[in-house]
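Visitor: Each protein sequence line maps, in turn, to chains A and B. First residue of the first sequence: 156, per our numbering; consecutive thereafter. First residue of the second sequence: 156, per our numbering; consecutive thereafter.
Don't read these hints as lab results, they were simulated from the structure. Any given hint might turn out to be false.
Said to hold, decoys possible - The calculated lysine-lysine pairs, modelled on DSSO-like cross-linking and capped at a C-alpha distance of 30 Å, are: (1) LYS391(A) to LYS419(A); (2) LYS184(B) to LYS404(A); (3) LYS539(B) to LYS391(A); (4) LYS391(A) to LYS483(A); (5) LYS483(B) to LYS419(A); (6) LYS483(B) to LYS539(B); (7) LYS184(A) to LYS404(B); (8) LYS494(B) to LYS419(B); (9) LYS342(B) to LYS184(A); (10) LYS184(B) to LYS383(B); (11) LYS419(B) to LYS404(B); (12) LYS342(B) to LYS404(B); (13) LYS539(B) to LYS483(A); (14) LYS419(B) to LYS483(B); (15) LYS404(A) to LYS494(A); (16) LYS383(A) to LYS184(B); (17) LYS419(A) to LYS539(B); (18) LYS404(A) to LYS419(A); (19) LYS391(B) to LYS342(B); (20) LYS494(B) to LYS419(A); (21) LYS419(B) to LYS391(A); (22) LYS494(B) to LYS483(B).
Number of protein chains: 2
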Amino acid sequence: MRQIAIMGFGTIGSGVFDVVNTNREILRKNLGEEIQIKHVLDLRDFPGHPVQAVLTHDVNVILEDPEVDVVVETMGGLEPAFTFVRRALEAGKCVATSNKELVAQHGTELLRVARENSVNFFFGASVGGGIPIIRPLLRSLCADDVEEITGILNGTTNYILTKMAQEGSSFEDALREAQDNGFAERKPEADVEGFDACRKIAILSSLMLGRRVDFADIPTEGITGITKEDFRYAAKLGWSIKLLASSRKENGHVYAMVAPGLVKPGHPLFAVCDVFNAIMVHGNMVDDVMFYGRGAGSHATASAVTADILCALRFRHQNVYAGWDAEKQALSDVGSWEKQFLVRAAGDASREEELARAFGQGILVDAGVDGEIGYLTPVISEEKFAEASAALGGVRGRIRVQA
Amino acid sequence: MRQIAIMGFGTIGSGVFDVVNTNREILRKNLGEEIQIKHVLDLRDFPGHPVQAVLTHDVNVILEDPEVDVVVETMGGLEPAFTFVRRALEAGKCVATSNKELVAQHGTELLRVARENSVNFFFGASVGGGIPIIRPLLRSLCADDVEEITGILNGTTNYILTKMAQEGSSFEDALREAQDNGFAERKPEADVEGFDACRKIAILSSLMLGRRVDFADIPTEGITGITKEDFRYAAKLGWSIKLLASSRKENGHVYAMVAPGLVKPGHPLFAVCDVFNAIMVHGNMVDDVMFYGRGAGSHATASAVTADILCALRFRHQNVYAGWDAEKQALSDVGSWEKQFLVRAAGDASREEELARAFGQGILVDAGVDGEIGYLTPVISEEKFAEASAALGGVRGRIRVQA
């Protein structure tokens, strides 16, 4: 019999409670021992709920209990989660967390503290909810030089973009519908401005590069500027628009960015719709592989947390997770990153030559609808694109094209 | 410095040679030590190739070398691969193999021998080539009750079906094109009759159920009976036709089958085309997750083998892979498995009522082209379908619909 504790009985913490209880027999068979939830920490009480019997309001009950081998952190936010997790590791307990903010901000230090105490800090649920991605990246794609990771890492924005594509809705209407259906928060900024995806790609980038990537260094653009007109051009091209979080080694540079992107039908992320997430990983040997599933939700995310609990119990006094080095990975200025752009400019077909002179010879996608012209540039650097746009006196919009 | 040996310098063995040499620095960083290929076993010589310096024709050179920690088996076939692998495990060496025949036929025994010798028998490359699936199933989805695995597990047949769908080719023409392009063998039976997919789903089923599944128990149907007409109905419905290898727990039954299936647009396997493979796993907590990539090829498959080498070196004297029990899992007769069927029968629209009486009220897909009628049955058992077909005096064809 192995004892664990859960800190935070919200959506994911209660999901872990359910998974451990519902799949008790499966966990016992996998581990060879039974798992018991001995304590659950929360500020609130839950009268009538089975959790009440193991509820505590004092974190020290958990930290000072020598029988607790693994602590699950599902509180969210930075504090007191960070302090509690660090103390748990220092007390010789393994920690499994779903908290991407915590991992993106303090992962390097927590990995170090875990190493120093011969325990593990696991965060498989911090990216992609229930989709296996972090362990496969570390354990199954470890023979590859991983050159690119590009993901649809936020379900809320993918739901909104899917509605806009399928129903021709405006961003505002699609956001409202997502909020009404419980797929978007009343304060949606973390999702729609790309901040959530940014933290997740920072974690994946750190794993891909083996060095700490600071999420604050990653240029991040959300989907609030995406319009019906963008989708009109996308439909004409037969492409989809996704919020892509991407990290890529190219010509000696390391780039990372979060921004909407046009995805072509042959790409594995093309058809990933609604609240689903997917992550494409390109290795120099394995080529493209892709992982797909529910990127959020109580039970899906709890499934990944509970897999980490099993691994933590299996390697109780053996640090097995390299993670990444404390040394910071410098990211190249994205100005030199070369891409194709779909640009929207006021005017009609008569402007085609002018746009070709500014951006280089490209392809006219459509002209004359809504008094504007849609033009696909050749592959040019972000910097050259910005200069050309400025020289034209600005453009109405632009979306990058995923190679 | 850790020493390994490779048995069999064919497509995959030479791929492992390349991966270990090309990604030497990455492997060293991951493992903390360098990996050296000390011996390569093959009947042939390779004059002028760097492998010649480490080539041996005698397996005992490998088995009796105490410096060799891991043996890679990429010979293919059952013998002498089985004898050599068992002897390597008995000699206290870990084994990593890409040989699905070996794993499907002798995996249970080799897992036991590995356990008894405190070493590991790894076979991550035996299903899905470079796609991480076996380790994620064992290590990331281990908190779930996995209720279904359905995969496109054979690249050759998927390439042929894609050509038939896109170009309206007959099976024979598409097969010839695949052979000319090197995507199908001159003797294509193992692929087109479904035998290859059958062994792979037997391995995945054994892992899903934790008990030995005998591939000979799995009803297997290939794609040789798929016609242009089938694709005409599929196009009308907006569905795709894939060779699906499937294993499912349902109503107390355990079913497994390999057969062509109609896949609807919302399903994660719908758009998996050309030589790509993909595996959908349904867990009771995580819901649907999907893994996608190149299911074959020298470097992709070698990537998975080399990941296993790293894991084997990390856990050199510690058996970490449960795999499955020796006890055999009985599979239910598929007669009770309930599905929807697309049935093709001679005649015109006037037969609709007759088909409805035989199969139950369904949907008329099309009638009167090529003197036949396409009818979508309700969900009925395989047994009832067979009885109804017989009562009608036989039908021209039928394809199951993936739920």
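Visitor: Would you mind marking each hint as holding or not holding in the structure?
Guide: Hints, verified against the model:
1. LYS391(A) to LYS419(A): holds, 12 Å
2. LYS184(B) to LYS404(A): holds, 18 Å
3. LYS539(B) to LYS391(A): violated, 46 Å
4. LYS391(A) to LYS483(A): violated, 43 Å
5. LYS483(B) to LYS419(A): Status violated; Cα separation ~46 Å.
6. LYS483(B) to LYS539(B): holds, 28 Å
7. LYS184(A) to LYS404(B): holds, 18 Å
8. LYS494(B) to LYS419(B): Measuring from Cα to Cα gives roughly 14 Å; hence the hint holds.
9. LYS342(B) to LYS184(A): violated, 43 Å
10. LYS184(B) to LYS383(B): Since the Cα atoms of LYS184(B) and LYS383(B) sit roughly 52 Å apart, the hinted pair is violated (cutoff 30 Å).
11. LYS419(B) to LYS404(B): holds, 21 Å
12. LYS342(B) to LYS404(B): violated, 34 Å
13. LYS539(B) to LYS483(A): violated, 64 Å
14. LYS419(B) to LYS483(B): Distance ~34 Å between LYS419(B) and LYS483(B) Cα, so the pair is violated.
15. LYS404(A) to LYS494(A): The given pair, whose Cα atoms are some 14 Å apart, holds under the 30 Å limit.
16. LYS383(A) to LYS184(B): Violated: LYS383(A) and LYS184(B) sit about 48 Å apart, past 30 Å.
17. LYS419(A) to LYS539(B): violated, 43 Å
18. LYS404(A) to LYS419(A): At roughly 21 Å apart (the allowed maximum being 30 Å), LYS419(A) and LYS404(A) satisfy the hint.
19. LYS391(B) to LYS342(B): Not OK: LYS391(B) and LYS342(B) at ~33 Å, beyond 30 Å, violated.
20. LYS494(B) to LYS419(A): Violated - the C-alpha atoms of LYS419(A) and LYS494(B) are around 34 Å apart, more than 30 Å.
21. LYS419(B) to LYS391(A): holds, 24 Å
22. LYS494(B) to LYS483(B): Distance of about 26 Å is within 30 Å: holds.
Hints 3, 4, 5, 9, 10, 12, 13, 14, 16, 17, 19, 20, counting from the list given before, are not met by this structure.
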